[in-house]
Each structure stands twice: as structure tokens, then as C-alpha cells.
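Novice: For the protein sequence lines, the chains are V, C and U, in the order given. For what it's worth, our numbering labels the leading residue of the first sequence as 1, then goes sequentially. For what it's worth, our numbering labels the leading residue of the second sequence as 1, then goes sequentially. For what it's worth, our numbering labels the leading residue of the third sequence as 1, then goes sequentially.
Heads up, some of the hints might be wrong.
[As the list claims (entries may be wrong)] Per the computed footprint, the stretches of chain V lying under chain U, defined by three or more beta-carbons under 8 angstroms from a beta-carbon of chain U, are:
no., region
1, 46 to 52
2, 60 to 66
3, 80 to 90
4, 263 to 272
Since the hints were made in silico from the structure, they are not lab data. Here a beta-carbon is modelled for each residue, glycine too, at the ideal position from N, C-alpha and C.
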Amino acid sequence: MKHKEHLIRKYLRPSKKMPTIWCAGCGIGIFMHALVRAIDRAGYGKDDVVMVSGSGCSSRIPIYLDFNTLHTTHGRALTFATGIKLAKPRLKVITIMGDGDAIAIGGNHLIHAAKRNIEIAAFVINNQVYGMTGGQCSPTTAHGTRTTSSPYGNLESAFDISRVVEAAGAAMVGRATVYHTPLLDRLIDMALHKKGFALVEVIAQCVTYSGRWLGLTSPADMMQWQRDNCVRVERAQGLSEEELAGKIVIGVLTNRERPTYNDEYRKLFAEVSKI
Amino acid sequence: MKKIEIYQAWCKKCGICIAFCPQQVLEAGSLSYPIAAHPEKCTGCNLCELRCPDCAITVYEDEEELDGNPSA
Amino acid sequence: METLLLEGNEACVRGALAAGCRFYAGYPITPSTEIMEMMARELPKVGGMFIQMEDESASLGAVMGASLAGLKAMPATSGPGFSVMQEHIGFASMAEVPCVIAHVMRGGPSTGLPTQPSQADVMQAAWGTHGDHPIIVLAASSAYETYELTIKAFNLAERYRTPVILLSDAVVAHTREAVTLVQADMEIEERPQPTVSPEEFLAYGDPGNGVPPMPPFGEGYRYHVTGLCHDVRGFPTTRSDEVDFLLRRLLSKISRDSDRLQWFDCWHENSETMVIAYGCVARAALRAVREARDKGLDVGLMKLKVLWPFMSTTVSNVLENCRRVLVPEMNFGQVSREVERVNQGRCEIFTLNKVDGTAITPPEIVRKLEEMHP
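Could you put the whole structure together from the sequences, leaning on the hints where they help?
Specialist: Here you go:
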């Protein structure tokens, strides 16, 4: 039996130096690995995958991977991805955003991409903080949390990204944490194969700029918190509001068929060519 | 018996693999790099490989023969 | 050659389609909305893609995505939308993503005068986004010129891999006039393609003219595109030698070719007095010059079609041969500043700055010319 090459080496760009730039124990690397496994299982040709990211720690993922990669402006990844998917529908367009990327500055694009139901697999790595800029409060930071920009405690309460995107009309929405890696793998598979806008919210830990403030001093502590504060959506249906307070519901939150922008445009082509 | 290979060039010693191994196979070794202290207890569940943020762990089924570290 | 009754905005769409534009993403904003409406009707007929996005930043983002996938693409907008687009104009400059932006100027600042003309966004077109960046700004003064300059704008965007801003204004955009669409002689340019294998391909190397080849996404050349300073392979870098090389290449790729960007029309160019104008004001100026000459004044007109990079040498030659210059503009003096910079005190510079939301008229220019004459 010969030596087993780690799967990631099949997809790493040869000229990109490793190890990755993320802090020790950062959840982003776990997601990157999961995403690569899912892409490998899907069997896409490298030329057929376009990976678009916004700006922040998570936006560095595409740089390492041997696909058509595009690192865009903060919050706007989905707008570029929309243009690519419309211009060349055969491409598999994957978009990677952070929580600030997706639901703060990019919120308008997120809800419209979902409403439009354009065929994009979107992944929001939600670590409840702006990590790249040093630990500021984000739209998903819990109420009362101290951060560098909420030194007296966060006055606002957190967005539930998944429910916002579900309400906006996305065909599929799922949520997992990087601790629940097998579930994460399944959700990524679903998102990659879903017809329409598919979003997976990935709860991940930011050890350096969030954990320390929350008194969770190690990556393992933060992932333990994920393990202890999540409820599977199947079980959550039976729980009351109080029982669900502070808990994160994980699993497939919605999975439905809705007309996709791409299909509607194809129908339009057929109509117009008859005129 | 399974074999767990830690690629130290990429490992950042974050401790996630050690903390969540269901069988406590892994422990912090020299320079606190993780090592398979109890390889006999490893069930090949792969959770350490799946949860490693730096793709630094490879789990071998039934002691696939190892010919040294992979290329740098 | 067909002759049609077209308004400026329609002419823009016809020019874009003639140039090979097959993607439009935009957002409604007076006075440019007709461009979007016509694109929505026409693009599907030619197999092109149209999408109305949620705001102007999204519009230019989608346009850049389509361009990276290999299509010629554009949005159209006006003042407020143009301001929202600035960050992405910077990305298009930095990542060298070819695109054309039709910008129909209206009264400003802010919401201003949505249905009335101004020329007060010229410097924004050149400097609006942050950082030193390459950009080309054209100005159309009629429906035909909008058609012609839209085609040329796409050619320049493809030739230099840069955003090109085509300035129009509420008058030119909404003036319907007879237009003969002379397209036969206009060659259509395409972005450079690599001549080496994917393994040897350097996404952001300098092949000699400063413009790297640009294979579309999905065709075998897998490379990285970013708004960060990047090295010749496209990967982010902070190394000062690489940053310096990148920015100097970006800035020089157009400026070194400036002799190919001297588009202007001249009437009576060696006159004692010259009027320098652009956009709809250039049409009033032509009428005014004729009337002034009938009154015995020795005056000529230079109509600028390229506003940025400013045609310093060409304008300087004109200044060399005249005693005084009038720059009539519907702003407080933007192109006039460039004329003054190039003038170096050689001749007297006069300005006529009309900012009340109405177009400058020929009599106003004639009166000013008479005042200027000793």
C-alpha cells in the first residue's frame, strides 16, 4: 500500500505557500477542507468551478485553491458571482463570505440573490466578529457581548442569517458548525447540487479576536461551545421558545423548488426567439 | 491497527484533534505537536482529519505502509 | 447605412450592441433609465443577458463578473448611482476588468436636478474612486457621437483592460435627432488572449505593452483575480518592488499610448480666440462661433471627445496659436482647470460657468465672446 496523499494537495495551487495564513485553530480552515472534500465528491472539473469571495479572513480561501478564483470587494461577492453565473451558466459558481461580508455591508445583495434564486452555492462563515480588522462587533454578535467596538457590551441583538435568507426566498438554506463536520459535509453536498440559490451558514470560531473576549481560551473550548449549544432542526421543532433560547438550530432549514433566475431567462430566450 | 500521520510543517498545534478524539488516541507530544499515543484505540473514524483546520492529519486504514513524510 | 430618429440613450444601446456588448446590469436612475429599458428589450434578441440589480454597486459587480466570464458588459447610471459605483470602478481599474460605464450627467450634487443637465461630474469620472488608477473618460455631444463613442469606449476597454466612462448629459441623452449609423468603418477590438499554455501563463505579467492577456474564466486558464495589490501571478503581495511594478504598469499602459487617444474636432483652429467645449455645450458653442464670426470676430472651436487622460499636447498646440480661450461649462470650472494647467500662462483663459440647471445657449456664448474681445 503506497503513501496516501492528503486530498487537499490535489486542489492546492502549487505556487501558494502553506501553511495557511489563518490563526491556529481558526474555523475557516475546517470549512475549506470540507468544501474541497465536497467538490472532490461532486467530481467537478477544475476549469468548471469559479470561487468568488468577498473581503475578510474567509475571503482568502480561493487563493489557495486551483480553480477560477475571484477575491472581490467587501460584501459584494454575490454581485460578481451573479454576473459570472448569468454570463456562463455552465460554470459552478461558489461564493464564500464572512458574516460581516454577507449580512452587514452585503446584506442587500444577499437578500436579492436569494429572492432572485440565482443558481449559486453560497457559504457564510459566521464567527460573530470582524476578525481581519481586529475583533469588532458584527451583525451576528450576541447581545451584550464586549468587543473592540462594543466595549460596554453589544447594544444590538444578532441577525439569524439563515432565517433572513430563507424569508428572502432561497431554494435551500442549511446551517452547521465546524464542530459538526459530517453534517457540514452533507449540507455542502446539497448546496452544490441544489437548483437555485443555496446557502449554508457555517458557525465557526474566531479564536484570536472572539474567543479571548468570551473567556473561551482555546479553539477546542469554542468548538465545545458549538457542540453544547446546537440543536438539530428535527429535534428543535418539538421544543418551546424558552428551550431554544440561545441555542443554534442546525441542519437543513429549508429545501424547496423555486423557479431559478437562470431557468426563467432560458424560457425568455425561447419566447423572444419566436418574436 | 490504524496509523495517524501528523504533517508537522502545516500543523499549528491548535489542539482540536487532541480534544475531540473520541478514543483519546492523540496527545501533545514533543514541542506539543500531536502524536498518536494510543494508536491501538483508534477506530479510523477520521474526525481528527475532518476537523483539522490545516489539513495536517492523514489517517491510514489498517496500517497502510508509510514511506516517510509527503513532499514539502 | 440606416438613418434613424434616435435619442442619445437609444444611440448608446445601438452602439453597445454594435460593439458586441452582450451583458447589461443596471439600476433605474434618471436620466439614464431608457438605456436600461432598451437593453432589457434588445439583449435577449441577440442572445445577451440583462439583469436589473438591487443597486449600482451590484450592477457594476455583476458587469465585472460577466466581463471576467468573457462578455463585453456595461451598466448605465447618473450622478447618485455613479457615486455608489466608485468602489467597483476602482476594482475594475485594479483588476483590469474591461467594462464601459455610460454616465448621463444630471444636476448635482446629491439628488440635484434629476431631469436637467450638468457637466459637474467630469472630475468625479477621472478621480471619483480612491487611489491612483488608470481610467478613460469620453464625452458625447450628440446622438450620433453617443453611438460612435460607445463603440470606441468598448474598443478602449478591451484594448487596455480598463473601465471607460462615457459621459453624456440629460440634454444629449434625451434629444431625439436624425442619426445615420455609420458602423462599417469602425473596427471592433477584442481583449488580448494568451499565446502560451496555462502552465506558462502569467495572469498579470507585462507582455510589453503593459496589458496582460485575459482568458475568460472556465476555459483552461485558472488564475486569481483580486482587488489587493498583486504580483505578476495575481496573488496578493505587499512587497514594495511588486507593488511599485504593478501600479506603474497600470498607470502607464494608457498614458504611454496617449497619441492614440486624441479625439477632438476643430473649426477655424488658428483663430485669435478659441472656444474649448465638450458635451451638449459644444453644440451651442459651434452655433455661437458661427454667429460671432458673422459679426467679424476671429474665433474658432475645439470640441473635446476624450476628457481623460486630458489631451494635454493637442490642447497645448491650440493654445500656442491663439491669444485667448473661452471654456464654457455647466459646472464651476473642471475642464477649464486642465486647460489652465496646460496653458502655463501663455494666453488668457476665460470661463463661462452656468450652474442653474439649464443648458448654455449660443447667445450666452456670443455675448461672452464679445465681452472678451478688447
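Novice: Compare the structure with each hint and give your call.
Specialist: Checked hints:
For a cut-off of 8 angstroms, the count of residues in the region 46 to 52 of chain V with a CB near a CB of chain U stands at 5, and the three-residue condition holds. Here the region 60 to 66 of chain V counts 3 residues with a CB under 8 angstroms from a CB of chain U, which clears the bar of 3, and the coverage holds. Counting residues of the region 80 to 90 of chain V whose CB falls under 8 angstroms from any CB of chain U gives 10; the rule of at least 3 is met. Check on the region 263 to 272 of chain V: 4 of its residues sit with their Cβ under 8 angstroms from a Cβ of chain U, so the three-residue criterion for coverage holds.
When the structure is compared with the earlier hints, no violation turns up for any of them.
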